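With the sequences and hints as input, model every part of the structure.
Residues per chain are reported as follows:
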Amino acid sequence: MSVIETKKLSRIYQDGDSLIHAVNQVDLQVEAGEFTAIIGPSGSGKTTLLNLIGGLDTPSEGTVTIENKPIHQLKDSELINFRLKHIGFVFQAYNLIPVLSAQENVEFIMLLQDQSKSARESRAKELLKAVGLEQQMHKRPSELSGGQQQRVAVARALASKPSFVLADEPTANLDSKSTEDLLDIMHRLNKEEGITFLFSTHDQRVIDRAERLIYVEDGQIKSDEKK
Amino acid sequence: MKTLVKIAWRNIWRHRLRSLVVIISIILGIWAGIFVSAFSFGLNNQRKESMIRNQVSHLQVHHKAWAQEADVSYLLYEPDAIIQSLLELGAPNHTLRLKSMGMAATAHYSGGVQIIGINADTESELTGLGSRIDSGDYLGEKGRNPILIGAALAEKLEVKPGSKVILSFSDQDLNLVSASFKVKGIYHDVSSQIEKLQVFVRAKDLQSLLGLDANAYHELAVLLDDDKGVDALKSQLQQKHADYLIESWKEIAPELAFADEIMSQALYIIIGIIMLALSFGIINTMLMAVLERRKELGVLMSVGMTKPKVFTMVILETFFLALLSGPFGILAAYLSVSGTADTGLSLAMFSDGLASYGIGTVIYPVLPNSFYFGTAAIVFIMTLLAAIYPARHALKLNPIETMRTL
Chain A
400 MSVIETKKLS
410 RIYQDGDSLI
420 HAVNQVDLQV
430 EAGEFTAIIG
440 PSGSGKTTLL
450 NLIGGLDTPS
460 EGTVTIENKP
470 IHQLKDSELI
480 NFRLKHIGFV
490 FQAYNLIPVL
500 SAQENVEFIM
510 LLQDQSKSAR
520 ESRAKELLKA
530 VGLEQQMHKR
540 PSELSGGQQQ
550 RVAVARALAS
560 KPSFVLADEP
570 TANLDSKSTE
580 DLLDIMHRLN
590 KEEGITFLFS
600 THDQRVIDRA
610 ERLIYVEDGQ
620 IKSDEKK
Chain B
9 MKTLVKIAWR
19 NIWRHRLRSL
29 VVIISIILGI
39 WAGIFVSAFS
49 FGLNNQRKES
59 MIRNQVSHLQ
69 VHHKAWAQEA
79 DVSYLLYEPD
89 AIIQSLLELG
99 APNHTLRLKS
109 MGMAATAHYS
119 GGVQIIGINA
129 DTESELTGLG
139 SRIDSGDYLG
149 EKGRNPILIG
159 AALAEKLEVK
169 PGSKVILSFS
179 DQDLNLVSAS
189 FKVKGIYHDV
199 SSQIEKLQVF
209 VRAKDLQSLL
219 GLDANAYHEL
229 AVLLDDDKGV
239 DALKSQLQQK
249 HADYLIESWK
259 EIAPELAFAD
269 EIMSQALYII
279 IGIIMLALSF
289 GIINTMLMAV
299 LERRKELGVL
309 MSVGMTKPKV
319 FTMVILETFF
329 LALLSGPFGI
339 LAAYLSVSGT
349 ADTGLSLAMF
359 SDGLASYGIG
369 TVIYPVLPNS
379 FYFGTAAIVF
389 IMTLLAAIYP
399 ARHALKLNPI
409 ETMRTL
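In order, the protein sequence lines correspond to chains A and B.
So for the first sequence, my numbering puts the first residue at 400; every next one is plus one.
So for the second sequence, my numbering puts the first residue at 9; every next one is plus one.
Do not take every clue at face value.
[As the list claims (entries may be wrong)] Sample of chain B residues at the chain A side, in silico, Cβ under 8 Å: (1) I15; (2) N19; (3) R302; (4) K303; (5) M309; (6) V311; (7) G312; (8) T314.
[Claimed, not checked] One-sided excerpt, in silico: chain B residues whose CB lies under 10 Å from chain A: (9) K10; (10) T11; (11) L12; (12) K14; (13) R18; (14) E304; (15) V307; (16) L308.
[Said to hold, decoys possible] Computed beta-carbon distance windows for the label pairs: (17) B:H23 - A:M400: 47 to 57 Å; (18) B:V370 - A:E542: 29 to 39 Å; (19) B:H23 - A:E477: 29 to 39 Å; (20) A:S544 - B:K14: 19 to 29 Å.
Derived by calculation from the structure, the hints in this document are not laboratory data.
Predicted model only: the values in this text are computed from it and were never measured.
All C-beta atoms in this analysis are idealised placements derived from N, C-alpha and C, irrespective of residue type, glycine included.
Structure, rendered in structure tokens:
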């Protein structure tokens, strides 16, 4: 079953008198449980494609369907609610809430979903344990290393039990050890819990671990291969 | 909501110095606003009390036509009947006066004065004139034509106790009367204008010179313990003596009543202006806080935080700034007002200017308690209004633009 499906998806920007096709007529299907990387040179449209799939940007043309729900038709408020329930995000710069502890950052998503305190605490601890941060759960982001912060971000992305996780250059700011650790964690979550991951990346180490590689250039999919 | 409160509270302390600067500026603004208000209240109250105690009294009774023209012939024809009514109504503090406009002259100066014929004992009891003699003595039974002159006028006339002053005025038949008076004492008043204008002589001397009977008076002044029962007493007295002109201090000196009425409004306006200025500081601070957290707010919206929650979070942060500063500002002002309410603030260096307005040189700040609550309400309303613009700005953020990358 396709978790993500785009048809003739385009995002066109006006730049002076010219039009830029950041994403151009992309047809894409991602099945549940995939561990997929979107790769390509800078400016090829990887991030714009992820933004469109994540409902953060509005398509100029085409459709985006997530679990049979055409999200391009949703209003802003409906999109926020949809993202909250169905999509986990991992950002390049971690983007944790600096005034909250690791546990509170993970709980925050569940709080927005109005989950009970006990459910939030239990799930946050479970996820932080899964990413190897059970000893750091009361520390604030500023007290954690980059790799640890990104692991908290992964735990936060999984907190709402999303249909899939979108990760934009998740290892761009990490050293080799942290990158390997993070990839191990995400790969394990993918295998053991069946969580679907869709990355955009330049990082060869991510590319090596991905099970499907989608090569994007000039806003179009140039190749799509499963290992 | 609890987590929103927690985030908002912690966000305030992310830039401790900046938040403290805003908090301290609000505290100082509130303190200054309230203290200036208390000072103004005290100043106005003192001026009012001083004018009522020394000059106007709470009630004055005159001939019906006195308001149109202060003619010598417009006398209180049955003063004893009114005094009897006052005693029955529980207002025993009164004095009778005779008034005439005239000229005071010495070899050095001559000028217009209001000559007031008084019964020395009751006048002193009512207005404390006897205790305000700087040099010489108060009026007594002994001596021929004694007169009390204000310090400012004495300086102009260049007289001292024992000096002679010629008073000229019209009697009841409009004949010009001139008489020599001997300065018995020099009095002071909180108002230098009064000192220049009013001279006091014995009522019986003035009655004689004006050609009036021994019980002829123009004015009956009544003083109460405070001004709460003035309107009721006036109404009761008017019912019994409809043929007299009975006026309260508010009618005799409307400028005092007006100042009293507009004082609260004026002071709320002062507080409002101070808070308006401070609110721009708050807007600036909160806007900075929003702008430097654009990416963070973008992330929050990306992961599913609704716009009302983002709005609430920014409003809460501003609310906490007000909550941290408002009570301290009000407490500081309360302590300052309480601390100076008994000792007063000496403005001796401005004594000449203040005396022209009938104000003493020591001001006792005072403020009704309701004003503190009113100020607290203004602080919170203005602060929350100041939060709206930064909060609306936060709502307009586009997650994509704020994060640049997903």
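Any CB of chain A closer than 8 Å to the CB of B:G312?
3 Å, holds
Hint validation: B:R18 versus chain A, beta carbon distance must be below 10 Å. Holds or violated?
Holds: closest Cβ of chain A sits about 3 Å from B:R18, inside 10 Å.
Using the nearest Cβ pair, does B:I15 come within less than 8 Å of chain A?
With Cβ-Cβ at 6 Å, under 8 Å, it holds.
Against chain A, with CB atoms and a cut of 10 Å, does the hint on B:K10 hold up?
It holds, given that the least Cβ distance between B:K10 and chain A is near 9 Å, below 10 Å.
Restraint satisfaction for B:V307 [CB to CB of chain A, less than 10 Å]
4 Å, holds
Just to be sure I understand the hint, the distance between the Cβ atoms of B:H23 and A:M400 should be within 47 to 57 Å; is that true here?
Since B:H23 and A:M400 have Cβ atoms about 49 Å apart, the given range 47 to 57 Å holds.
Restraint satisfaction for B:K14 [CB to CB of chain A, less than 10 Å]
8 Å, holds
Hint validation: B:T11 versus chain A, beta carbon distance must be below 10 Å. Holds or violated?
5 Å, holds
Between B:V370 and A:E542, is the Cβ distance one that fits in 29 to 39 Å?
The hinted range 29 to 39 Å is violated for B:V370 and A:E542, with Cβ atoms some 59 Å apart.
Interface restraint verdict for B:L12 against chain A (beta-carbon cut-off 10 Å)
9 Å, holds
Cut-off 8 Å, beta-carbon criterion: hint that B:V311 touches chain A:
6 Å, holds
Per-residue hint verdict: B:M309, partner chain A, C-beta under 8 Å:
7 Å, holds
The structure fails hints 3, 18 (numbered hints given earlier, in ascending order).
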